[in-house]
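Student: Working from the sequences, and respecting the hints, build out all of it.
Residue strings, one per chain:
2 protein chains.
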Amino acid sequence: MQCFHCNFSVNSTQRALQTVTYLTHNSYSGGFRMRSVRKTVLLAILASVVLVLALLHSWPTRASTAVDVWQRPGPIDERHLEERLPEPDRRFGNIPFHVRDNVASLLARNGCVCEGDSGGVNLPFVQLLFPRVSAHPLHAAFQAPELQEMKRRREKEYRSFQERTQTPADLLLIAEANNPLQYPTQGVEVRPLRTIIIPGLALYSLPRDHYSINLTATLGTLNVAAEVDRVKIKGDGAMRMTLSSILLPNLNRQLQFVTYTNTLFHPSTADTVQFETEGHQASFSIKIRHGVTPKLYNTGSKGEYNVSALVTIATKTFLRYDKLQDLINSVRRYYPTVTIVIADDSETPQTISGPYIEHYIMPFGKGWFAGRNLAVSQVTTKYVLWVDDDFVFTANTKLEKLVDVLERTTLDLVGGAVREATGYTATYRQTISIESGEADGDCLHMRRGFHHAIQGFPNCVVTDGVINFFLARTEKVQQVGFDPRLARVAHLEFFIDGLGSLHVGSCDDVIVNHATKVRLPWVSQSESDKTYAKFRYPPASSDATHTKNGLLFFKNRFQCLTHN
Amino acid sequence: MQCFHCNFSVNSTQRALQTVTYLTHNSYSGGFRMRSVRKTVLLAILASVVLVLALLHSWPTRASTAVDVWQRPGPIDERHLEERLPEPDRRFGNIPFHVRDNVASLLARNGCVCEGDSGGVNLPFVQLLFPRVSAHPLHAAFQAPELQEMKRRREKEYRSFQERTQTPADLLLIAEANNPLQYPTQGVEVRPLRTIIIPGLALYSLPRDHYSINLTATLGTLNVAAEVDRVKIKGDGAMRMTLSSILLPNLNRQLQFVTYTNTLFHPSTADTVQFETEGHQASFSIKIRHGVTPKLYNTGSKGEYNVSALVTIATKTFLRYDKLQDLINSVRRYYPTVTIVIADDSETPQTISGPYIEHYIMPFGKGWFAGRNLAVSQVTTKYVLWVDDDFVFTANTKLEKLVDVLERTTLDLVGGAVREATGYTATYRQTISIESGEADGDCLHMRRGFHHAIQGFPNCVVTDGVINFFLARTEKVQQVGFDPRLARVAHLEFFIDGLGSLHVGSCDDVIVNHATKVRLPWVSQSESDKTYAKFRYPPASSDATHTKNGLLFFKNRFQCLTHN
Chain A
18 MQCFHCNFSV NSTQRALQTV TYLTHNSYSG GFRMRSVRKT VLLAILASVV LVLALLHSWP
78 TRASTAVDVW QRPGPIDERH LEERLPEPDR RFGNIPFHVR DNVASLLARN GCVCEGDSGG
138 VNLPFVQLLF PRVSAHPLHA AFQAPELQEM KRRREKEYRS FQERTQTPAD LLLIAEANNP
198 LQYPTQGVEV RPLRTIIIPG LALYSLPRDH YSINLTATLG TLNVAAEVDR VKIKGDGAMR
258 MTLSSILLPN LNRQLQFVTY TNTLFHPSTA DTVQFETEGH QASFSIKIRH GVTPKLYNTG
318 SKGEYNVSAL VTIATKTFLR YDKLQDLINS VRRYYPTVTI VIADDSETPQ TISGPYIEHY
378 IMPFGKGWFA GRNLAVSQVT TKYVLWVDDD FVFTANTKLE KLVDVLERTT LDLVGGAVRE
438 ATGYTATYRQ TISIESGEAD GDCLHMRRGF HHAIQGFPNC VVTDGVINFF LARTEKVQQV
498 GFDPRLARVA HLEFFIDGLG SLHVGSCDDV IVNHATKVRL PWVSQSESDK TYAKFRYPPA
558 SSDATHTKNG LLFFKNRFQC LTHN
Chain B
18 MQCFHCNFSV NSTQRALQTV TYLTHNSYSG GFRMRSVRKT VLLAILASVV LVLALLHSWP
78 TRASTAVDVW QRPGPIDERH LEERLPEPDR RFGNIPFHVR DNVASLLARN GCVCEGDSGG
138 VNLPFVQLLF PRVSAHPLHA AFQAPELQEM KRRREKEYRS FQERTQTPAD LLLIAEANNP
198 LQYPTQGVEV RPLRTIIIPG LALYSLPRDH YSINLTATLG TLNVAAEVDR VKIKGDGAMR
258 MTLSSILLPN LNRQLQFVTY TNTLFHPSTA DTVQFETEGH QASFSIKIRH GVTPKLYNTG
318 SKGEYNVSAL VTIATKTFLR YDKLQDLINS VRRYYPTVTI VIADDSETPQ TISGPYIEHY
378 IMPFGKGWFA GRNLAVSQVT TKYVLWVDDD FVFTANTKLE KLVDVLERTT LDLVGGAVRE
438 ATGYTATYRQ TISIESGEAD GDCLHMRRGF HHAIQGFPNC VVTDGVINFF LARTEKVQQV
498 GFDPRLARVA HLEFFIDGLG SLHVGSCDDV IVNHATKVRL PWVSQSESDK TYAKFRYPPA
558 SSDATHTKNG LLFFKNRFQC LTHN
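Those protein sequences? They're chains A and B, same order as listed. Residue numbering for the first sequence follows this note's numbering, beginning at 18 and increasing consecutively. Residue numbering for the second sequence follows this note's numbering, beginning at 18 and increasing consecutively.
Mixed in with the good hints, there may be bad ones.
Identical chains share a label here; the pair holds if one copy fits it or two copies do between them.
As the list claims (entries may be wrong) - Derived DSBU-like pairs (lysine-lysine); straight-line CA-CA distance at most 35 Å:
1. Lys418 with Lys173
2. Lys304 with Lys249
3. Lys418 with Lys565
4. Lys415 with Lys173
5. Lys168 with Lys493
6. Lys56 with Lys251
7. Lys418 with Lys304
8. Lys340 with Lys249
9. Lys249 with Lys493
10. Lys493 with Lys418
11. Lys493 with Lys251
12. Lys565 with Lys56
If you're looking for bench data, these hints aren't it; they were derived computationally from the structure.
Tutor: Following this line, the structure appears as structure tokens:
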């Protein structure tokens, strides 16, 4: 019973019709003793009344304006503010200046260039001490014939993405000098379809016979919450309102009562309001959004950190049940009741039993990041601890220390250290930055190291990527996610996806042991990983966009990756 | 080999030491024919040189300032801008005004009140036609003794959350009137640790002997990319810079070269810059953030919509393998190669086989939303279609229509319609809004209905929540997530968590059949769901915060839920 041409809610009409059906049915089966004509007439009247009530009730109370949510092809305003040195202003054409190279060179160029370090001494230990930066153009993930098509699709997807993510609140606005208007430049927000008072509006004009201002909006209407004597109001309740008076104090008092009501629904956007008086104007944004709803977690008992209530351990396993059991046994020695979530894509999954263990079976070889994403998707505690299935807990694996860092700082994730059998301990700290490219995509730069030490935590630093042993806020990890398109070995892709979302730290005093055969530190990790991956993970698909570099190229729109 | 007290990178030192070890080892085994004393001295010198080089190389190039990322207890600036009518300004104390009730009543009150509709005619069909709003105070999810503790914990978690999410870019700033300074009020952004030119700075002062401006920042330094003749620069490269000149055009030309460099790393924050000249000042924000990295998906062949390349069907099943098989068979009739992801928490899972089917086994009774979260976590296509395991596809289930909506609009999710055996078809459209509360939490309001029709799609509307049959952008659904704490039947909680993130639509011309026994439309859905849930889903935990209302209270910090 759909209603294609009606503009009242289907539910209401349905219920009305069903009511009539119900009553009709009941009247027949209930055996009313009436003459059939009168009965029919009565029912007809009742039916009409009910239908009219339904119609009146579900008549939309707000003019059901159609909203335009179409994506538009065409140029989109670029938001690049890292400009080159500004073109000479004609007014200043004659004024000489000298470029400061050390500063000008820090400014972004037009586009980024895919280069690493050139030359350098080619001695065996130099690469160890002074790791060179290598640059990888990412289009190389694709064969020549398909590259053109990939670029075209990527641009199309990117334009849609820009349309969905840019808002008027990102546009550059400049405040005019010597403007008699006073107005808010930041911080004005309204929830969708709600009303607020616009704060801070005033006019400080030179004395004149008559004072007048206009306010214009596009996603809502303007009005006044109170009427002030001797002020004329026009267009109240519309998208353009004019206030005028011969008395400036009265106009300013009136300006304190101006309201904005959002009328065109959008869950997250901004309206740019124009504020004008004779000879001057100003623009400011009113953000229209719901506000961030928190996702808080119960923390268990007060007092000491209750690790079992706060932390879930998550891991992915493939074929290594013996190592996995060693991991579980070692965890239980120190944390007998902490929940361990295991994602398993082995070909013939074995049973893993025990209290506080959750075992998830996946299709064979579904993949590494798919398994990681699965495991974290099941966590119900405030924090999740990621471990590889070949780690072993020791007395140095004090999770309370990592919990302490996240409880007392604004960090979202903190990595620990992994010790090999040789005693070599790694924190694998990486800084990650993005340099704007143009049509070819941005450049991604990864460097070993960190940004700052952390006050009050002498063994910890702030960085962008860490080793695969970390504690993190569950809601942040779930929000960033591990892209299941990465079937083979991947690691930093999670941190790349988390850029801007995750505030990452790394502490070297919480250590877990690594049970696997010693990996020679000077053999580049990617080579051993490639062999490992080839042996263990059949290609999930022939889609080149699902390889690490193909994904960086297509999904994240990078043209180049440099790292040391 | 950790280094607790050094401030250079562990990796560099490790490599240096390993190099020395390697060389020493090799020199011994390589059998150098030298007298042992000379050999020792030579090795000692070599070791020192290598160590010194390592030290020099890894000496931090930037003063490794410690950064303060601690959470601070104490009052946090409230961002409530939906103010009551402003207090009378002393300057305007005598100016009379009259409140406009119809507008003033739209403004947010201080806190929200938990009330539904009162009274109303109590006739059998009135509730059908005029559904009354009922209000549910959510603290009732908790027993009296634990409620106090829950409130305390919730406030503590909420304060941490506020610290992590608020930035200086949210604060209210008002532009001073008649300010000779010109400056940017919106749209200035820099990537972390990068440098930009600050656009739009100028001074339009009345003629005077000497012109001078100051710029002050707190998370970065100021400098100039070029030096202009006859302008004196002080504090360049510091957090406070002064520019002065006797020639105003020169000073304004210099202001076009002012740069800002972020020096204190934070992945997403803002610096509030003070811009001053004699007698006047202005503040503006420079957003410090990475920029949003896209997560784009390959769309398959060009031309027609390739549903198998674009869409993955996701569902959760429990005990109903016959219905599940009916679903799969019906899907295959129309979409033989589309991937179907099935999350299964049955007690004795059966094998579900077939091409393009991915079957995931979960711990028994892990739960409804856990299963939903699992299924969507595995999707690798651009869109995911959610279906319940007792749906049946028909010729009216044209997924291409839903794909068309998402391809051509900025919507993130679009629901379809579910037809019962009786022919009754539901779209279950819900609008959701939040009203700010104060210390007790916000009020959540849900109402049947929608906001607007959609231009160009006559059967579709914009709303906030829809029925359990929808197509959505995979990256958005994964980002919002289905909270695995909801073990029992839940539905709108996903849309509540998605408020502000998801732009939701609903079309009534794409219909899937519902195979389950007819649910009487006038029996309230929650009652049959409760029975269903009790029969099928054992309580996942005794944690009251994991019930629907307990979660709304604690996790989302609501005090009240009203709905019709």
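Student: Taking 35 Å as the upper bound on the Cα-Cα distance, should Lys168 and Lys493 be classified as within, between, both, or neither?
Tutor: Intra 31 Å, inter 23 Å, cutoff 35 Å: intra and inter.
Student: Within a copy, between copies, both or neither: where do Lys565 and Lys56 come within 35 Å Cα-Cα?
Tutor: neither (75 Å within a copy, 48 Å between copies)
Student: Cα distance capped at 35 Å. Does Lys493 pair with Lys418 within a copy, between copies, both, or neither?
Tutor: For Lys493 and Lys418, the Cα distance is within 35 Å both inside one copy (20 Å) and across copies (33 Å).
Student: Within, between, both or neither: how does the pair Lys493, Lys251 come out at a Cα-Cα threshold of 35 Å?
Tutor: neither (48 Å within a copy, 43 Å between copies)
Student: For the identical chains here, do Lys340 and Lys249 meet the 35 Å Cα criterion within one copy, between copies, both, or neither?
Tutor: For Lys340 and Lys249, neither the intra-copy (80 Å) nor the inter-copy (68 Å) Cα distance is at most 35 Å.
Student: Which holds for Lys418 with Lys565 at a C-alpha limit of 35 Å: within a copy, between copies, both or neither?
Tutor: both (33 Å within a copy, 33 Å between copies)
Student: Classify it for me, Lys304 with Lys249: is the Cα-Cα distance of at most 35 Å met within a copy, between copies, both or neither?
Tutor: within (28 Å within a copy, 40 Å between copies)
Student: Give the relationship of Lys418 and Lys173 under a CA distance limit of 35 Å: within one copy only, between copies only, both, or neither.
Tutor: Cα proximity of Lys418 and Lys173: across copies only (20 Å, versus 47 Å in one copy).
Student: Which holds for Lys415 with Lys173 at a C-alpha limit of 35 Å: within a copy, between copies, both or neither?
Tutor: between (48 Å within a copy, 24 Å between copies)
Student: Between copies, within a copy, both or neither: which fits Lys56 and Lys251 at Cα up to 35 Å?
Tutor: Answer is neither: 57 Å inside a copy and 96 Å across each miss the 35 Å cutoff.
Student: Regarding Lys418 and Lys304, is the shortest C-alpha distance of 35 Å or less found within a copy, between copies, in both, or in neither?
Tutor: between (40 Å within a copy, 32 Å between copies)
Student: Which holds for Lys249 with Lys493 at a C-alpha limit of 35 Å: within a copy, between copies, both or neither?
Tutor: neither (52 Å within a copy, 48 Å between copies)
The earlier numbered hints that this structure contradicts are 6, 8, 9, 11, 12.
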